[in-house]
Amino acid sequence: MAEKKAVLWITLKDEASAAVKKFQGTLGQLRQSWLSVAAATTALVALAASSIRSFMEQETAVNRLSQALRNQGTLTDDYRDRLVKLSNEIQRTTTVSDETAMETMRLLTTFGLAGDELAATTTAAVDLSAGLGVGLHTAALLLGKAFNGQIDTLG
63 MAEKKAVLWI TLKDEASAAV KKFQGTLGQL RQSWLSVAAA TTALVALAAS SIRSFMEQET
123 AVNRLSQALR NQGTLTDDYR DRLVKLSNEI QRTTTVSDET AMETMRLLTT FGLAGDELAA
183 TTTAAVDLSA GLGVGLHTAA LLLGKAFNGQ IDTLG
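Under the numbering used here, the first residue of the sequence shown is numbered 63, with each subsequent residue one higher.
What the hints contain is simulated information worked out from the structure, not anything from laboratory work. Beta carbons: idealized from backbone N, C-alpha and C, even for Gly. Take the hints with a grain of salt, since some may be wrong.
To be verified - Distance ranges between label pairs, derived from CB positions: (1) T200 with R126: 46 to 54 angstroms; (2) F209 with S98: 12 to 20 angstroms; (3) Q91 with D143: 47 to 55 angstroms; (4) A208 with E151: 17 to 25 angstroms; (5) T155 with H199: 17 to 25 angstroms.
With these hints in hand, go ahead and build the complete structure from the sequences.
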């Protein structure tokens, strides 16, 4: 009888050990799954934060350009949309971001540029910046001053 109890005890102990090991394996797999979910969630949150930051930068650039156009008395939705479209095209075809292109347009409006002249001068500033290896802000200042007759700044 003692021998049967010992065998039963050993069998139960072995089965319990196997069950515990299986449970530990399941917990390990569950832990890995949770870690994967946490990593994916972290990546999604980072992507969302980056997207929100980009959206806010875009909105700020559009609002600053709108205010400059309003100050000049030339703001219309259609005109602003054409300038935003031009800034998107500049971004697509150059290394200049659309926000930077809109900031350049905003700066050029302070020199009295508007309409087709503003669009052409913005494009020229992008080209001048690349050609001379100077910042876009500097190129825009040079062209804005030249527009106002200060052509000695180009020499």
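Evaluated hints:
Taking 46 to 54 angstroms as the suggested C-beta distance range, the pair T200 and R126 does not conform, at roughly 19 angstroms. Checked against the given bound of 12 to 20 angstroms, the beta carbons of F209 and S98, roughly 58 angstroms apart, lie outside it. Between Q91 and D143 the beta carbon distance is about 54 angstroms. The supplied range of 47 to 55 angstroms therefore holds. One distance hint, 17 to 25 angstroms for the beta-carbon pair A208 and E151, holds here, with the actual separation near 24 angstroms.
For T155 and H199, the hinted distance range of 17 to 25 angstroms is satisfied, since their beta carbons lie about 20 angstroms from each other.
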